[in-house]
Amino acid sequence: GCVHSCRFEDFVTNETEWKELPGCQNVTHTECDFSSAITKYYDTHHVRIRAERREEVSPWSSTFEMNPYLIAHIGPPGVELQSINGVIKIKISPPEANQVRKMWIAHLRFKYNLVIWENSSNAEFRSQSIFPTDTIDDLAPDTTYCLKVQATLPLDLQEGLFSPIHCVKTTHKAVNDLLCATDVSILALNMKFHLHWNNRYKQHVSYNVQYLIGYLKKLHDDYSMKWLSVPGCENITDTQCNFSSIISTTSGIYYLRVQAMSEYNKSCVSNEVKVDPLITNEIGPPGVKVDISDVLLHIQISPPGGSENEVMRDHYDLSYRILYWKNSSNNEEEIKMKEIKQTIGTISDLTPLTLYCVKVQAFSEVYNKSSHYSKEECIKTPGDKILHLVILATFVTALIAVFLVATPLGFALYQVYNKIRYVFFPSCQPPLNIEGFGGQLLSSPYLSTTEEPIENCSVIETIITEEVNQTDFKDYIHSKQSSRDSGNYSNDDTSGSKVSEETLEKEIV
Amino acid sequence: IMNVFGLITIGLILLCTTTISSLQCNHLPLQQRKMIENSLQLLDKMGKKFPQQCLREKMSFRFPEQVLKPRQKEAVKVAIEEIFQHIFYIFSKNLTLAAWDGTAIEQFQNGLYQQIEQLEACVTKKQTHYFHSNEVNRLKLKKYFQKIDCFLKDKQHNLCSWEISRAEMRRCLQLIDKVVRKL
Numbered sequence: 001g002c003v004h005s006c007r008f009e010d011f012v013t014n015e016t017e018w019k020e021l022p023g024c025q026n027v028t029h030t031e032c033d034f035s036s037a038i039t040k041y042y043d044t045h046h047v048r049i050r051a052e053r054r055e056e057v058s059p060w061s062s063t064f065e066m067n068p069y070l071i072a073h074i075g076p077p078g079v080e081l082q083s084i085n086g087v088i089k090i091k092i093s094p095p096e097a098n099q100v101r102k103m104w105i106a107h108l109r110f111k112y113n114l115v116i117w118e119n120s121s122n123a124e125f126r127s128q129s130i131f132p133t134d135t136i137d138d139l140a141p142d143t144t145y146c147l148k149v150q151a152t153l154p155l156d157l158q159e160g161l162f163s164p165i166h167c168v169k170t171t172h173k174a175v176n177d178l179l180c181a182t183d184v185s186i187l188a189l190n191m192k193f194h195l196h197w198n199n200r201y202k203q204h205v206s207y208n209v210q211y212l213i214g215y216l217k218k219l220h221d222d223y224s225m226k227w228l229s230v231p232g233c234e235n236i237t238d239t240q241c242n243f244s245s246i247i248s249t250t251s252g253i254y255y256l257r258v259q260a261m262s263e264y265n266k267s268c269v270s271n272e273v274k275v276d277p278l279i280t281n282e283i284g285p286p287g288v289k290v291d292i293s294d295v296l297l298h299i300q301i302s303p304p305g306g307s308e309n310e311v312m313r314d315h316y317d318l319s320y321r322i323l324y325w326k327n328s329s330n331n332e333e334e335i336k337m338k339e340i341k342q343t344i345g346t347i348s349d350l351t352p353l354t355l356y357c358v359k360v361q362a363f364s365e366v367y368n369k370s371s372h373y374s375k376e377e378c379i380k381t382p383g384d385k386i387l388h389l390v391i392l393a394t395f396v397t398a399l400i401a402v403f404l405v406a407t408p409l410g411f412a413l414y415q416v417y418n419k420i421r422y423v424f425f426p427s428c429q430p431p432l433n434i435e436g437f438g439g440q441l442l443s444s445p446y447l448s449t450t451e452e453p454i455e456n457c458s459v460i461e462t463i464i465t466e467e468v469n470q471t472d473f474k475d476y477i478h479s480k481q482s483s484r485d486s487g488n489y490s491n492d493d494t495s496g497s498k499v500s501e502e503t504l505e506k507e508i509v
Numbered sequence: 001i002m003n004v005f006g007l008i009t010i011g012l013i014l015l016c017t018t019t020i021s022s023l024q025c026n027h028l029p030l031q032q033r034k035m036i037e038n039s040l041q042l043l044d045k046m047g048k049k050f051p052q053q054c055l056r057e058k059m060s061f062r063f064p065e066q067v068l069k070p071r072q073k074e075a076v077k078v079a080i081e082e083i084f085q086h087i088f089y090i091f092s093k094n095l096t097l098a099a100w101d102g103t104a105i106e107q108f109q110n111g112l113y114q115q116i117e118q119l120e121a122c123v124t125k126k127q128t129h130y131f132h133s134n135e136v137n138r139l140k141l142k143k144y145f146q147k148i149d150c151f152l153k154d155k156q157h158n159l160c161s162w163e164i165s166r167a168e169m170r171r172c173l174q175l176i177d178k179v180v181r182k183l
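Note that the protein sequences, when read in sequence, are chains V and U. Reminder that position 327 of the first sequence reads as 327 in full-length UniProt numbering, one-by-one numbering, no gaps. Reminder that position 14 of the second sequence reads as 14 in full-length UniProt numbering, one-by-one numbering, no gaps.
Be aware that one or more of the hints could be misleading.
[Said to hold, decoys possible] Pairwise CB distance ranges (calculated): (1) Cys-122/U to Pro-164/V: 51 to 61 Å; (2) Cys-150/U to Ser-267/V: 40 to 50 Å; (3) Ser-248/V to Cys-150/U: 27 to 37 Å; (4) Ile-186/V to Arg-181/U: 27 to 37 Å.
For the record, the hints were derived by calculation from the structure and aren't laboratory data. Quantities reported herein were computed from a predicted structural model and do not represent experimental measurements. Glycine is no exception: its CB is placed at the ideal position from the N, C-alpha and C atoms.
So that you can see chain U by itself, here it is in the shape it has in the complex (with noise of 0.2 Å):
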């Protein structure tokens, strides 16, 4: 009878540790799907209209949009996670010369900062391995980035590498909004 009691009494432990330590994590897609309205409502307002004099600058980056598209929901959420982690990098180096409102730029860092910080805790372990897997995707996720990273370097953050990369991001948060609401 000790055993029995024993073992329910583990039992019950082990159910309420289980309970405390999982996350409240539903509110995470209305959250991303406003974050990302959001967002790209403020990179709109931290510049004016891309300037004409860019145009023949401008660069073809390619986003690798099948990332977005793979058999697994599951992957697809990590993806997006890496890549608000690579936009929150790239709007975190000098925008001196590109001359944006700089309460916008907070804003909008912080707005990617919060759901990074969010999808950190709610990813799961079985979800990441999924998106791992993925070899392919991951690379050329990467490579799209190393891409924008390297132009703006060569172009010493100028203001026309800075606009030309803001349109590309908010090219990149559209395609994200497109697949967040089919969701």
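Chain V extracted, bound-state conformation (with noise of 0.2 Å):
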């Protein structure tokens, strides 16, 4: 203890001088601020005391080692309320509100906690987190609450000092509660946003959507007025509105509300909905198309959103699932999957001429999204090539056999049946200079003819011999038959040859 006057010294690391802390120079009690003197918070300082008595000094004591920001707490945020409308509204300043050199500079990163009860006996304490500026709206109308604030810095691992408790009390609610929209929400499909709700009230009602860009709502700044109509959403009478155009990037929050006009300039504005583009997001199913070569059955798939939305793509990493069975009147074929980060996949474990069924579906891991399988694409695959030529060289063979043994043995049979046919019913007569060889032939060779005398001849006419041979054979039978007319000039006696002859005349005839 300090009995008759103090002196504090201070010396910073990384200087090397021991300086004296100003207010704290002859000192008779024994603590001292001194707040002014310490400039550098990040700083350890090193601090050491000694007694004076008029000329007796004592020793300096031992150092105290002190680094200010981690010693310092937060303190308590300033609490502004405001009861209206059966809602309590809260504005909180950050601590060191007003003052020049801040221990917590960066008071944007204060995150403060409410506690709020009701004034009664057994109150629950309810705890939530809130913005600088904000409704607290789940509350019992016509009722006493008490709450206080406190900022926390999470990852300075600090909570701060509670605010005084503040206690105010609800009004009741408004009216006109018809009037406002009701069932706020949200139906996002490939990155195409729709906001959806409902209204009770029976009369004309025209809607005007608004949105606030997220981050506003972490300043102390009045964002009230920073709210903006969607375009396309101002004045209109549908309950829907599509709000994909303010939906910029994907990276940052956004706020929706709906505000009710009637036609007596009477407005009321809906419960706000929270859009994180990416979460809120559906995944849509994405085209399939299936197609077959060989013993491969390819499948191009069309991602949701089109292939010119690049968007989910690029921030959903997506990959697809494909879903693929043999389509037979058995329903107990077994379904495969195979999962692929491309567009295009291939399905080798295929049976011959087997109807495939096939369906995809889209999905992002890190996000836990998946969309609706697409539609299901059949395909029947074809059967084994080798078969197929199997059977083609076989029927080539087989035509080729048949036409190589067919056609001689045709050809055989045709000359057989000619040669048959010319033996039995030939087709031409023998020629009339071969006549005497036809009756020699026909009476029986070894029958004696009578003899024929030898006589002396005289020719009376003479034949044209060469006529007889230029005329055809009935010619040269008529010519016969005149000489013969004309005289008998050949044997007197020889009546039997006469005979003959005519006996040959008439077999010929």
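Put the two chains together into one complex; each comes in its own frame, and the hints tell you how they fit.
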């Protein structure tokens, strides 16, 4: 303890000299505020003290080391309340709000924690995180609530001192509740965002959909004037709005609300909905085309949102899950699965001449999102190629074989038939100049003919032998007959020979 | 038998609550990489090329790179969250003299804020403790941002001070980009 007077000295790391702490020289009590001397909050300070009495001085105390930042505590924030329309509006000012030199320079880092309870016995304490400007709306009307707020720095493992407790009574809820849009919800598919809501108001209502850029809520400035109208959703009567145009990037949160306006210039603002684009959005099914070649089934996947929509593929790191199965009457067929990252997949373990069906789903593993399955596409696998070749070869060979055998056989048969026909049914007469042979043939060669006496002959009429040679057969007979008529100059006593000639003529005729 | 049944019921309830309360944080690394890419583009887009006249005023702030290289990967994630918080704070100040594109600034801030919120929800107590235990690095980081804050204040947030700060933040994000790709 310090009895007479004390002297504090300070020494900062990296500096070599001990300095006197202003306001802490010749103090008579055992404490001293040396805040004004400290400027470097992040450096380690060494402090020492010694007692003095007139000319006597004590030795210096042991050095006390301290780092201002590491031992500092966060002070209480400022709180302003407004009870309106059955809700409590709260406005927080950060600790050190009006100080020039601050320990906690980046005051936007603070996370504010509200503790609220009903001012009654056995009340439950409720703790929630709130923005610097916020509304506490899940409260009972006409009830007194008490609350306190603290500023925290989670990363510094720091929880600040609570503000003083404020108590306020909630008012009754507004009457024009019916006018307000209810059940405000979002339907987002393939980065197309739609807001839907309901309304129970019977009369004519027009709507104005507004959005707020998310980060504005983190600032201490009043953002109530910063709500903007969604283009295309101003003064509409439809209970839905396409707000895709305001989602310019996937980085960033947005808030949306619906302002309902009646004919009597009364308006009511709905609850807000928060949109975190990639988390709120749902992935739609991909397109599928199948193709078959040999023993490979090719699947062409068109990504959800179309090939021009790079956003989904880029930000979700999409993969595709392919389900394929044999489509037979037997429903016991096993469904197989294959996961790929590219938009072209091939399946190879196929049986020929089978109908295969395929459906594909797009999914994002990291976002834990998956689309519905696409439509089924079916295709039949072709037969075994080798079998086809065998069949073809066999057919051709058989064809050739038949041709090779049948042709000569046919030819041979034709020849035989010709010969037979020729023998039994000759189609042509033997020429007259071999008549004698024919007569001799008919009669037995062994029967002798009457001997013809040798006689002296004399020519009565000349027969034109040339004519006989040139004229045809019939003419020759006529000329022969005529020659006979002209006279019989061959033999006088050969009636027998005449008879034989006549019989020959008869036969010929 | 009733005791066993009771125990099983309690066990199941506990299991259910733990699965429900565990957040979906798997998308964070991918989202973070995309957001940093986007932020770097916006930083370029919001203003023009670095003005020549501001070169004289250039300051060396010396970003503590060792903060992004600790032996534990977990601590780096927390360091990145704090860096985002500081950058968000810097760009929330009076930017009128910078005369930058307001839409680009809005989108830049919005992207940072989304990441901060996600990290707040996903960074675990364990990771925070890892980060917190390394006091030297934590303090170096805060000193760095305090320097920039003081620099802007001293120059009354004039054009050159903003341009120099923008260049510095760009360098900072590029370093984070490299680290995040390796994580």
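Whether the CB-CB distance between Ser-248/V and Cys-150/U falls inside 27 to 37 Å: Taking Cβ atoms as reference, Ser-248/V and Cys-150/U lie about 34 Å apart, which means the hint holds.
Verdict for Ile-186/V, Arg-181/U (Cβ pair) under range 27 to 37 Å: 32 Å, holds
Range hint compliance [Cβ, Cys-122/U to Pro-164/V, 51 to 61 Å]: Given range 51 to 61 Å: violated, Cβ gap about 34 Å.
Outcome for the supplied range 40 to 50 Å, where the beta carbon pair is Cys-150/U and Ser-267/V: 46 Å, holds
Checked against the numbered hints above, the structure violates only hint 1.
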